[in-house]
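Colleague: Each chain, written out:
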Amino acid sequence: MTASLFSRSGTRRALLVGCLVLVALTVSGCSKTYSVRPQFFWDSLFHPSPAIVNGLGLTLGISVVAQFLGVILGVFAALGKMAKFRPFRTIANIYIWVFRGTPLLVQLSFFFYGFATAGLFKWPTVTSGPIYILPEVLAGTVILGVNEGAYMAEIVRAGILAVDPGQTEAAKSLGMTYGQTMRRIVLPQAARVIVPPLGNEFNNMLKTTSLLSVLSVMELYNTFSVAAGNSFASFELFAAAAVWYLLLTTIWGLVQSRIERRLARGTATGSSGPSGPQGPGWRNRFFGRQYYDASASGLGGH
Amino acid sequence: MTAPGTAPGSLLGAIGGVPRPETDVVVDARNVNKWFGRLHVLKDVSIQVKRQEVVVVIGPSGSGKTTFMRCINHLEKIQSGRIFVNGRLIGYREAGSGKLVEDKEKNIALQRQEIGMVFQRFNLFPHMTALENIIEAPIQVRGTPREEAVAVGRALLDRVGLAAKESVYPNQLSGGQQQRIAIARALAMKPALMLFDEPTSALDPEMIGEVLEVMKELAREGMTMIVVSHEMGFAREVANRVVMMDDGVVVEEGTPDQVFSSPKQDRTKVFLSKIL
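If you read the protein sequences in the order shown, they are chains A and S.
According to the numbering used here, the first sequence is numbered sequentially starting from 1.
According to the numbering used here, the second sequence is numbered sequentially starting from 1.
Incorrect hints may appear among the rest.
[As the list claims (entries may be wrong)] Below, computed lysine-lysine pairings styled on DSS-like, alpha-carbon distance capped at 27 Å:
1. S:K77 <-> A:K84
2. S:K104 <-> A:K81
3. S:K99 <-> A:K84
Hints in this document: simulated from the structure, not taken from any laboratory.
Bound conformation, chain A alone:
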């Protein structure tokens, strides 16, 4: 029956039918061997336990800190890769090579369990005032950040290379040092190129934190995983976990587009900054800056 359907209709329709069959099979299969308990799903979304709230906070917190660390390391690795001084280049290249060339899971296990077992380094518990960070959380965050830095390095480097060399020359000719030129002139402009892929990296980061479950970090995934083990409601709970992750990444997507719009200031497609005419966004987007300026402030009339 299915085979004949596939041969007769187009690929898209066949896929649709296939999906429906799959869902039907799942539901009918469930009804025989597994009784779905929807309250597990709904409760963990609308009445999340303190464990889930905690896991959510941990996932978010670890993501933000690790990404921040990744960006900092990425900037230094990118500058190192482009340095005139050869040892800097070598260090940056080895760092990127190692952390991009090995699985994150292996890095996590090696630097946490491996180092502890060999007696090389035991990650400490950090307590300072209201802050209390478990060793596995600290290790997970740092390793995630270091791993992320290796990926950010290429993104930052591409961003720096996208800035017109004339900008560096202008800054130099005004007497700016390398550091001032980078900090004040090049990196702010590179940021425009870096932010879109950085947003994707953070989206990834939100999801990748689930790997910290191997260190027994009670982030979002591990919380649901443990709950599923206790209640055997794997279907409902992991579906709920997916919805939580989807919520995080969706909210991030909205934040990201706002940041990108802000950074576009001073470019051909951006809004015109604090003092310029603030018109409806669609006009800029459809006709570009030139059109809007010419009609609004008469700058085009030279």
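Chain A is fixed; fit chain S onto it per the hints.
Modeller: Chain S alone, transformed into the frame defined by chain A:
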């Protein structure tokens, strides 16, 4: 604020009068040689520029005039020879055996503070407003208090006729306006010397005049300037000297009248016949 001898409405009045070069010879280039790989682009170039002198450098493209200009503030390295600005060796220090060793980045940056440069393609910072472009280096590099830098910046914007554009971003300005702001940006550092690298050749014809006006004003007020440009009118009006370069060599130099009206060298004649 205005130094004696400077009119209150003048360009240099905005930065407190004519910046005083410390020596009578502001630029002293001696036997400068430069190679790009195997291409010998500057061959024993020697040029002197005295205080308050305006020197216009002409020559066909590829003659090395822009490269020479960029060597003066060490945007390009040289392989032999010496370039002194304000009596100090630029970009290098003498090692014992008469060899040149590239100077520390910090020292080079320090020397560049005294040398303003205006580029063919303006190179304004696109993420900063007109005023921010001008006050950036005084605040960051010279450590000028913000209020003072803003006051000087506004005065400069006023003198180049763009007071109304202080909070506008470069992409909203015409080429001529951008170049005038680039000149103001360089002046804000109170440089002893201004370098202009083909400042009008990326401009639409109707905007060349407004930029040349600012440059002429600057020349009349006594700024020491080196200008790579083919603007004959400008050279005739304000240049003390015209230097003709070809194939990495200084072919001829003299007053604008000498060089333009009765060139001695054939290469100069051929070149002038092409651009006139």
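Colleague: K77 (chain S) and K84 (chain A) were given as a pair; does the straight-line alpha-carbon distance stay at or below 27 Å?
Modeller: holds (15 Å)
Colleague: Regarding the pair K99 (chain S) and K84 (chain A), is the alpha-carbon distance no greater than 27 Å?
Modeller: With Cα atoms ~22 Å apart, K99 (chain S) and K84 (chain A) stay inside 27 Å; holds.
Colleague: For the pair supplied as a hint, K104 (chain S) and K81 (chain A), confirm whether the alpha-carbon distance does not exceed 27 Å.
Modeller: Holds, at about 21 Å.
The structure meets every hint from the earlier list without exception.
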